[in-house]
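Novice: Sequence:
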Amino acid sequence: MKNILELKDFSVSLKNNNCKILNNINIEIKEKEFLGIVGESGSGKTTLLNSIISFLDEKKFILDGKIILFENIEIYKMTEEQRKEICHKNISMILQDSINSLNPYEKIKKQLLETYLFHSKEKVSNDFAIKEIEKLLLDVGFEDTNRILNSYPNELSGGMRQRIAIVLVLCTDIKIFLADEPTTSLDVVNQFRFIELLKKISKEKGLTLIYVSHDIKVLSKVCERIIVLKDGNIVEENSTAQILKEPKNDYTKLLIKAATAD
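full-length UniProt numbering applies: residue 1 is where the sequence shown begins, and numbers increase by one.
Some hints could be false.
[To be verified] Calculated cross-link-like contacts (lysine-lysine; reagent style DSSO-like; alpha-carbon spacing at most 30 Å):
(1) Lys-121 / Lys-199
(2) Lys-20 / Lys-66
(3) Lys-89 / Lys-32
(4) Lys-135 / Lys-89
(5) Lys-175 / Lys-217
(6) Lys-200 / Lys-110
(7) Lys-8 / Lys-203
By construction, these hints were calculated from the structure, which means they are not laboratory data. As the structure is a prediction and not an experimental result, all values here were calculated from the model.
Go ahead and model the full structure; you've got the sequences and the hints to work with.
Specialist: Here's what the structure looks like:
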């Protein structure tokens with residue numbers, strides 16, 4: 001299977017003090033792969049995702065190395081406008097709480113409709129789009145779709161907002177789905193439901209999923225391969241089964257111990 005994304009000798013430093021956040025990162029990610037990236041707070045996980053989706057402000061950061069999309073598109077050789085356009089069309093990210101990625105002043109209906117129409121390959125009417133969106137809402141477990149569509153983000157629970165974030169992805173034609181600690185704000189039951197839904201949707205749409213978390217146990221339920229990140233460096237990388245069975249690095253062992261402690 002082809003690489004959909006590759007990072008080659010990729011580093012990120014702060015301009016004001018030259019502090020390195022990511023150091024010489026090399027990762028190859030296959031089409032439709034579910035990859036987990038684990039590390040404690042400050043390890044560089046979120047910076048890595050923001051680099052992939054082109055959210056980093058180049059006025060504040062120094063970027064070295066390459067990020068290659070679809071085997072031949074080196075995104076940081078593009079202009080900022082070109083880079084943001086290709087990333088917006090092909091990559092989406094869900095955050096710890098989607099209240100931060102939803103417009104608090106607009107109803108869910110308007111936000112989903114705008115996303116659906118923007119990504120639609122054919123020109124469709126608003127009525128057609130809304131009917132399709134209602135089907136998607138049912139797919140992720142919503143029953144009273146009319147109430148959901150006419151709600152503002154702050155009128156929904158954290159679990160509901162995370163499901164809306166998945167519907168936003170379903171309205172697009174993206175290829176890569178980034179998840180930044182998406183279950184942190186959820187209780188145990190909703191964590192399980194969300195993870196199962198995320199796996200189901202990602203498989204059905206043939207997405208490449210890159211899931212970051214401080215909890216290696218969560219990643220083990222989703223990902224086929226895990227990369228361990230510490231202080232901006234990759235310290236271990238292997239299949240999920242092998243990482244859990246025979247971790248090589250002491251830091252990996254510590255993360256496993258912390259995740260399995262009662």
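Novice: Assess, step by step, whether the Cα of Lys-135 is no farther than 30 Å from the Cα of Lys-89, and give holds or violated.
Specialist: 22 Å, holds
Novice: Is the hinted pair Lys-20 and Lys-66 satisfied, with a Cα-Cα distance of at most 30 Å?
Specialist: 16 Å, holds
Novice: Could you grab the alpha-carbon distance between Lys-8 and Lys-203 and see if it respects the 30 Å cut-off?
Specialist: 27 Å, holds
Novice: When you check the alpha-carbon spacing of Lys-200 and Lys-110, does it fall within 30 Å?
Specialist: 26 Å, holds
Novice: Run the distance test for Lys-121 versus Lys-199: straight-line Cα separation, threshold 30 Å.
Specialist: Holds: Lys-121 and Lys-199 sit about 25 Å apart, inside 30 Å.
Novice: Quick one, are Lys-89 and Lys-32 close enough, alpha carbons at most 30 Å?
Specialist: 17 Å, holds
Novice: Are the Cα positions of Lys-175 and Lys-217 separated by 30 Å at most?
Specialist: 25 Å, holds
Going through the hint list in order, the structure satisfies each hint without exception.
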